[in-house]
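Colleague: One-letter residues, chain by chain:
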Amino acid sequence: MATVVKKAGYRKVLENIFGTPHFDLFAIVSYIIPLAYIFIFLIVPLAEMLKIAFTYNGSFSLHWFESIFSQEFYVRLKPQGSIYVDTPQYIYIEGLDFGVILNSLIVAVLVTIFSTIIGVVLAYIMYRYTFPGKNIFRVLLIVPLLVTPFVNAYVVKLIFRENGIFNWILHDLIGILPKPIRIDGLVGVIIAQSIAYYPIVYLNAYASFVNIDPSLEEQAENLGSKGFRLFRTITFPLALPGIAAGATLTFIFSLEDLGAPIAFHSSSIAKKLITYQVYDKFLSETGYRSPEIAALAIILLAISLAAFALIRKYVSLRQYAMMSKGGRWYVRTFKPKWWQYVIIYAIVLPLVLFTILPQVGVILLAFSKEWSRTPYPRGFTLEHISQIVLDPDVRGYVINSIIYAFTAIIIIVIISIMASYVSNRFRGILSPIVEALTVFPLAVPGIVIAVGYFYFFASVTPRDSILNPLSVSFNPGPILIIAYSIRRMPFTARSIYAGIQQVHASLEEAAMNLGMPRWKAVMSILVPLISMNVLGGAMLSFVYAMSETSVSITIGSLEMSKAPMTAYMRDLIVSAAGSAHMAAALGFILIVVQISAIILSTIITKQRYAFIGIT
Amino acid sequence: MRVIVLVNVRIEDVVKRFGEVTALRGVSLEIKHGELFTLLGPSGCGKTTLLRIIAGLEYPDEGRIYFDDNDVTDLKTYERGAVLVFQNYALWPHMTVYENIAYGLKIRKVPKDEIKERVKKALELVKLEGYEDRYPTQLSGGQQQRVALARALAVQPKILLLDEPLSNLDAKLRIEMRSEIKRIQRELDITVIYVTHDQEEAMALSDRIAVMNFGVIEQVGTPREIYQRPKTKFVADFMGKNNILPAKIIEIKDGKATLKVLGQVVKGVPVGNIVGDYSEIYFSIRPEKVSLRPFDGAQMLEGRVDLIEYYGFFVEIVIKLHDMFFFVRVPDLKEPIRLGDVIRVYFDPKDVILLQE
Numbered sequence: 001m002a003t004v005v006k007k008a009g010y011r012k013v014l015e016n017i018f019g020t021p022h023f024d025l026f027a028i029v030s031y032i033i034p035l036a037y038i039f040i041f042l043i044v045p046l047a048e049m050l051k052i053a054f055t056y057n058g059s060f061s062l063h064w065f066e067s068i069f070s071q072e073f074y075v076r077l078k079p080q081g082s083i084y085v086d087t088p089q090y091i092y093i094e095g096l097d098f099g100v101i102l103n104s105l106i107v108a109v110l111v112t113i114f115s116t117i118i119g120v121v122l123a124y125i126m127y128r129y130t131f132p133g134k135n136i137f138r139v140l141l142i143v144p145l146l147v148t149p150f151v152n153a154y155v156v157k158l159i160f161r162e163n164g165i166f167n168w169i170l171h172d173l174i175g176i177l178p179k180p181i182r183i184d185g186l187v188g189v190i191i192a193q194s195i196a197y198y199p200i201v202y203l204n205a206y207a208s209f210v211n212i213d214p215s216l217e218e219q220a221e222n223l224g225s226k227g228f229r230l231f232r233t234i235t236f237p238l239a240l241p242g243i244a245a246g247a248t249l250t251f252i253f254s255l256e257d258l259g260a261p262i263a264f265h266s267s268s269i270a271k272k273l274i275t276y277q278v279y280d281k282f283l284s285e286t287g288y289r290s291p292e293i294a295a296l297a298i299i300l301l302a303i304s305l306a307a308f309a310l311i312r313k314y315v316s317l318r319q320y321a322m323m324s325k326g327g328r329w330y331v332r333t334f335k336p337k338w339w340q341y342v343i344i345y346a347i348v349l350p351l352v353l354f355t356i357l358p359q360v361g362v363i364l365l366a367f368s369k370e371w372s373r374t375p376y377p378r379g380f381t382l383e384h385i386s387q388i389v390l391d392p393d394v395r396g397y398v399i400n401s402i403i404y405a406f407t408a409i410i411i412i413v414i415i416s417i418m419a420s421y422v423s424n425r426f427r428g429i430l431s432p433i434v435e436a437l438t439v440f441p442l443a444v445p446g447i448v449i450a451v452g453y454f455y456f457f458a459s460v461t462p463r464d465s466i467l468n469p470l471s472v473s474f475n476p477g478p479i480l481i482i483a484y485s486i487r488r489m490p491f492t493a494r495s496i497y498a499g500i501q502q503v504h505a506s507l508e509e510a511a512m513n514l515g516m517p518r519w520k521a522v523m524s525i526l527v528p529l530i531s532m533n534v535l536g537g538a539m540l541s542f543v544y545a546m547s548e549t550s551v552s553i554t555i556g557s558l559e560m561s562k563a564p565m566t567a568y569m570r571d572l573i574v575s576a577a578g579s580a581h582m583a584a585a586l587g588f589i590l591i592v593v594q595i596s597a598i599i600l601s602t603i604i605t606k607q608r609y610a611f612i613g614i615t
Numbered sequence: 001m002r003v004i005v006l007v008n009v010r011i012e013d014v015v016k017r018f019g020e021v022t023a024l025r026g027v028s029l030e031i032k033h034g035e036l037f038t039l040l041g042p043s044g045c046g047k048t049t050l051l052r053i054i055a056g057l058e059y060p061d062e063g064r065i066y067f068d069d070n071d072v073t074d075l076k077t078y079e080r081g082a083v084l085v086f087q088n089y090a091l092w093p094h095m096t097v098y099e100n101i102a103y104g105l106k107i108r109k110v111p112k113d114e115i116k117e118r119v120k121k122a123l124e125l126v127k128l129e130g131y132e133d134r135y136p137t138q139l140s141g142g143q144q145q146r147v148a149l150a151r152a153l154a155v156q157p158k159i160l161l162l163d164e165p166l167s168n169l170d171a172k173l174r175i176e177m178r179s180e181i182k183r184i185q186r187e188l189d190i191t192v193i194y195v196t197h198d199q200e201e202a203m204a205l206s207d208r209i210a211v212m213n214f215g216v217i218e219q220v221g222t223p224r225e226i227y228q229r230p231k232t233k234f235v236a237d238f239m240g241k242n243n244i245l246p247a248k249i250i251e252i253k254d255g256k257a258t259l260k261v262l263g264q265v266v267k268g269v270p271v272g273n274i275v276g277d278y279s280e281i282y283f284s285i286r287p288e289k290v291s292l293r294p295f296d297g298a299q300m301l302e303g304r305v306d307l308i309e310y311y312g313f314f315v316e317i318v319i320k321l322h323d324m325f326f327f328v329r330v331p332d333l334k335e336p337i338r339l340g341d342v343i344r345v346y347f348d349p350k351d352v353i354l355l356q357e
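Those sequence lines, one after another, are chains A and B.
Residue 399 in the numbering used here sits at position 399 of the first sequence; the count goes up by one each step and never skips.
Residue 65 in the numbering used here sits at position 65 of the second sequence; the count goes up by one each step and never skips.
The set of hints was computed from the structure by calculation and includes no laboratory data.
There's no promise every hint is true.
Across the chosen pairs, the derived CB separations fall in these ranges [said to hold, decoys possible]:
#1 B:I308 <-> A:L514: 58 to 66 Å
#2 A:I347 <-> B:Y59: 26 to 34 Å
#3 A:V527 <-> B:T73: 21 to 29 Å
#4 B:G19 <-> A:P132: 52 to 60 Å
#5 A:V527 <-> B:D74: 52 to 60 Å
#6 A:N513 <-> B:Y310: 40 to 48 Å
#7 A:N513 <-> B:F313: 38 to 46 Å
#8 A:V527 <-> B:G19: 31 to 39 Å
#9 B:Q138 <-> A:K12: 43 to 51 Å
#10 B:Q138 <-> A:I347: 41 to 49 Å
#11 B:N8 <-> A:V331: 55 to 63 Å
#12 B:G340 <-> A:R427: 52 to 60 Å
#13 B:I308 <-> A:R427: 31 to 39 Å
Ideal Cβ positions, reconstructed from N, Cα and C, are used throughout, including at glycine.
Only chain B is shown next, with the shape it has when bound in the complex (with noise of 0.2 Å):
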């Protein structure tokens, strides 16, 4: 296939209402050109609203979108080429693979010699060869998902747009999938934008990340930022498993804190981005931050184990602070813990987080 004009993608304080809901509240974005970007958040998010406003299937209350410096937001859905893989595929039932995929070519009006080149092209991208004359109901779900995306793929979208493209497969075949839309990605240099509420796979899939929550941004970033530097208690609570529990400041020196974690003292944490407001404040470490063994420079916490769970690449053992419990992810547990033991775990205070609600 040839090579796509890049595009990039620029959303300006759109609001977007539903009757008395607020889907969109005010959300701004700036897609660059060949990346792949997720909107990442939990079902109600407003993600899949962005998504169709970008489509132009939804008009916008109230802000802009341009594709490079054009505004695009008056254009109809036909006029935008900014091409949807909806999450249930919308294969048209009364048609073959063929003819489904031939569909968009034959409205921009493409020779029958050259559809006939592209399907085919289209169908070896998604390795689906020799099914162009079956009907969508003689699918599986995975081929059926393989389908919209190479119709959606066929007619060269200047964007290609994924709502969801794999939560109706198994485990198995979503990671198949997932590194299959990667692959295409990279091989067609095109801007995507990929919707889901799968945090693994917002993660292994994407450039960048837009955690969305209650309509707005929570933060947009690197998986690795999204992840190791979590700006809101939202995105720490979201990405991944975290131990988030409140806290408060006692003293601030040259940008270290001291902080009193349900009774216990730990000290020498970064203050990082909190701002304003103190008393409200949570101390937050990802669970396979944290030792079983002491180290130099190490803080501590101590509990009473709850739980220990095998999970062949690591342990989980959860440990009760007061009323909270606190997670600990360890390759393998060689200690003789048992389960009602008061222990100590050991952390670099440089790997907490502080956050703020």
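Extracted from the complex, chain A is given alone in its bound form (with noise of 0.2 Å):
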């Protein structure tokens, strides 16, 4: 008797603790295996990371928090500077000084403020109107989503120069402007993230928008709403969670963002950021453990943490968009009225033809000699795409990135398949974690995870070994797959998470009632259902690995002969002006790889484009 009670007392807790009653290996091999590896190369790297920002003199204390918040060039309430420098040539607005952790702040507020309008706008007309050129919008707002790291950045403040194309338009030939406009700094660094984030927004705001039941807007309709008054009171609100979901990924990505801040580094001010301080203490006392780097670094990851878990929060007290029984479906869309055309065309279609200027200037100047004086670039050159291929140094940092983003998103695939599916399929106390934890290196900003395997991987790997950042023989590559990994894994996660709730899991529970066993009911039955979400996630991830530059640049340069391509483009960014160009021709090769993604996920997919989500 006592053995039976006691074997459902261990049976209740197997249910509790994983959802399943039963002793299942594969389930319980599937929980664990994402669980320690996110434990330990996540939470504990982060955990030792708070251990050094929260110790002075051997205790416990608030020492170093207390020092920064206490020094005017981290917070000051008065700013320094001027809104605009009027000086002979021209006006040079660089933006106000904060200190760096209002500045951060400030900078990633007005981003996400500028994204969420022009995304939201963009995505109700593509939602709502057909137009003639409707499908050429659509092809040019895939062009910001186009990664190329600290070029991008580095093209919006050519394009902002005295002599650039801005003033070139508005000044010189159409003369609106009286005076050229020099737009420099932080003010730089925000246009260059807005132009950047805003598709973001955009693709989440649109996917939202599509998801709205027709009924609901019809309904409203019928009761007498129509213009502005539906659009406010019934399809933003219903698309308001997607939207915030967008807005919040925004503001995340400009405050961890490293690549501007670098490309515009020659004035002071845009170096005054959380990231590039992070960034720059870390390159300048590398080798030591300096505390105020990790208390540096933990403030920044608590504001993208809080935001992360308040968007959270909000879109899961929002869970609106299926609440659908059936009924038609399809997308309400309308002519436009004389007055819509006049926005789309002489609105809109100039600040999307504005913000694909970064992308086609990184392949204009990846094949041109020259561009610092005129407002366009001269002399047609191969030369830097030719060096890529005949410089076996170049050749061997292209080829050092797909390496590792080759290898990071394997392990990507098997952790996030087997998360997904516990996640997914049991209901136990750790299902939920399991699902959080996929999801949660987006809110970890990766300056934050460079730093913290940096004292992680020096604290727990002996002093000669390749993996401590320390020794002479360091190799970054096995550290930095782990980032990649780590870093990206949310995309192909929520891929796939995506994919195994289209299956009813009756699929599998008809192959195990049949007598298969449960890794082979999944294997067989529901990894092929969804392999085309874990070929769009992948995919996405992949992009987003060649990409990666926060742990590339820090722990990836440390050993110039193992690093990245993307350590290699900042080299170049900050050097002299003219190795842009080569920076600009490794962008090219980022943006032949991300367009050739898309086009085989849509080939093979059959979906649009795979788009960045929260939820």
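Using the hints, put the two standalone chains together into the complex.
Modeller: Structure, rendered in structure tokens:
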């Protein structure tokens, strides 16, 4: 009798934890591996950093945080600098300095606001209206999504020089501006980031609009609502969870971005951002476990996590999209009225064209000899592109990136399938934890991971190991693979999770009921059914792993012979002006990889494009 | 709630195509004010499309819609006042029950105090008092359905349109809501157009029914007319269980026909509406009009017992005539009938209806 009770008790425990009363080896392994991997390579390094930041003279202390918050360098309520400087040749705008921490927050908030406005307006136009040239818009809107670290922000800087294309058109040609305007510093960072990140809001908002049950709008119209009121009271609130998710991602991406501050590094105010400061101190104090860097990184992490936690809470509270109970489903589109045509062609189109300039500029830069004194580049050349193939060093960086990214994707796919499977199919205490952990890396700024890894691997690996960043024989490869696999996991994990949700559990249950063990049922039934999701997610993760910057330019550049291409691109961007062409050529390679991935996934998965979402 | 101005709906020659598919092929109808009128038909017959055209959510390719004598064809849905309750309820999930119901009233610029009053009344009407602050996701399917109904009723519509409002409810709730809707319609005395594919629901609920098939109206009439005097084979088949057998007319005398039904002769059948070509004729009789005992003036058919099913309030005997099944429903089975027995069944030839394709 006693054993029976005990046995039942142990089954209850298993069921509570794993969501299955059986000692199911496959299920339990599928829980343990993702949990362990993310725990060891994300939670432990962050904890290590936390420990260092909160230790002073060997005991727990807020010393480093107090020190940071007491310095005007970090927090300055009375801003330094002026909104613009009127020089004889041009008006110079670079923004005000509120101290590093406030600067980061202000930049991120402004980028979020601009991206959200542009993204939502574009998404609504693309969702609601049919107009000639809509497909051209569709294609143009993919362009800003193409990631070219450092160089796209560098091109923004070129555009807004006193002799850049912006002033050339508005001052020299049209003459609207009485005097050229030169934009640099934090304002330059804001423009570069807004252009780069608004497509994230656009894609999320568009998907949310399309997912609105048309009868919800029809009912409102049927009851007398129309025009802006219909949008304000029905359409917009229903799409808000998706829009908010996109906006939050933009906030986090802006906060953690290192590319734009580095591209604008010649303006000292652009360096006064948290990411740049952590990065700069990391490079200058390599070899020491600086508690101040750790504390600064913790502050960055805290802001990012707070935003992430808020949006997860908000979105989970508002899962409306799928309330519908059948009925007809179609997208309600209309022809614009005359004034809407004016908005589309006279305001929105030029804006979209403006936002693709960085990518266009990167390509021009890659194929030109010189672009320093004129508004447009001069002298066509294939020199930079051919150097990528011919120069063994440059070729090496590209190959390193491909190898690291590819290896990371294999890890990502295995862990994502396991994690998504158990979190979708079982209802134990661990299920939501596994699910949350796979998305959690989105909220951790890259530079925080870089610093955390540096401390973690320096302290847990032997001093002469190739894994120890302090060792002379250090090889950044394995750490970069781990970093990529953690940082880019959410894209694949979300895609696979969504795929598994579409497949009813009864499909595997039927197979198991006929005598297949669980792992075989998953491999032979579920995995083939979600292969498109796996592929789409993996492609997105691969593209973003190739263009990863934060860990690549810190840990990755500790040993340049094993460095990835983004580390080399950073070196080129910060050195003499002429070398930006080479960086752009590498950016062009990234663009080619990304376009191939988009085309491939469009052909194979028949989806228009995979998009980045948080929920 | 105040008495609502009654509106009469006239539909003239409405045609609607969706690409290659023609959903409505020239539909004309007149719905009298204060009537509970049902559009009945199988899925894809065009009934929902017709309802959406009346609501102003679809625009007909041809034909006009009149409310009383006003042509409303070109009016937008928000200018018509024909309020639709959607099949999926279309409750706005980001609004509370109160906000959902108040929405249409706010648009009509009803004063705040009156909105409160009218929302309360609407909730009382659907028996959901006290649910104001709930969100739609916190309600059961039946409750959601009532809120959708309350939202439509709160604006005191000229015409209430219901698109399969009960199809997402379980059987018991469906019957309950059915009488609820009828009670509310009587109480408010409004014109209601109701769409359903459930013939039992249509019969229980409606003043009149239009049976639709493939984009045309096959028959319009009271439930009794439609059930007892179907005009087409489709209507006879669609409305309840029926025996429909191919037959040939041997002769017609004084409006009475002599038929050959699967090789057996039946005499004295009223010719009814049969017109033109006599060759393709169907003999139909309701299973409950057939008896196992002979009576004066009865005609008969003979067949082999294939199945006996006990339903409680009746017993159904399935008889095989040639290769066709013939159903007989009797209140109780007292005769010692066994499977495989050859038996005779009797009916009054006046109950037979002749149909054409």
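Colleague: All hints, please: hold or fail.
Modeller: Taking the hints in turn, this is what the structure says about them:
At about 38 Å, the beta-carbon gap between I308 of chain B and L514 of chain A misses the expected band of 58 to 66 Å. At about 31 Å, the beta-carbon gap between I347 of chain A and Y59 of chain B stays in the expected band of 26 to 34 Å. For V527 of chain A paired with T73 of chain B, a C-beta distance near 54 Å fails the hint of 21 to 29 Å. Between G19 of chain B and P132 of chain A, the C-beta spacing of about 21 Å breaks the proposed range 52 to 60 Å.
Checked against the hint of 52 to 60 Å, the pair V527 of chain A and D74 of chain B passes, with Cβ atoms roughly 55 Å apart. Between N513 of chain A and Y310 of chain B the C-beta distance comes to about 34 Å, which lies outside the given range of 40 to 48 Å. As the Cβ distance of N513 of chain A to F313 of chain B is approximately 39 Å, the hint placing it in 38 to 46 Å holds. At roughly 38 Å, the beta carbons of V527 of chain A and G19 of chain B sit within the given window of 31 to 39 Å.
In this structure the supplied range 43 to 51 Å is violated for Q138 of chain B paired with K12 of chain A, their Cβ-Cβ distance being about 30 Å. Checked against the given bound of 41 to 49 Å, the beta carbons of Q138 of chain B and I347 of chain A, roughly 42 Å apart, stay inside it. Between N8 of chain B and V331 of chain A, the C-beta spacing of about 36 Å breaks the proposed range 55 to 63 Å. For G340 of chain B and R427 of chain A, the hinted distance range of 52 to 60 Å is satisfied, since their beta carbons lie about 54 Å from each other.
Separated by about 48 Å at the C-beta atoms, I308 of chain B and R427 of chain A break the suggested range of 31 to 39 Å.
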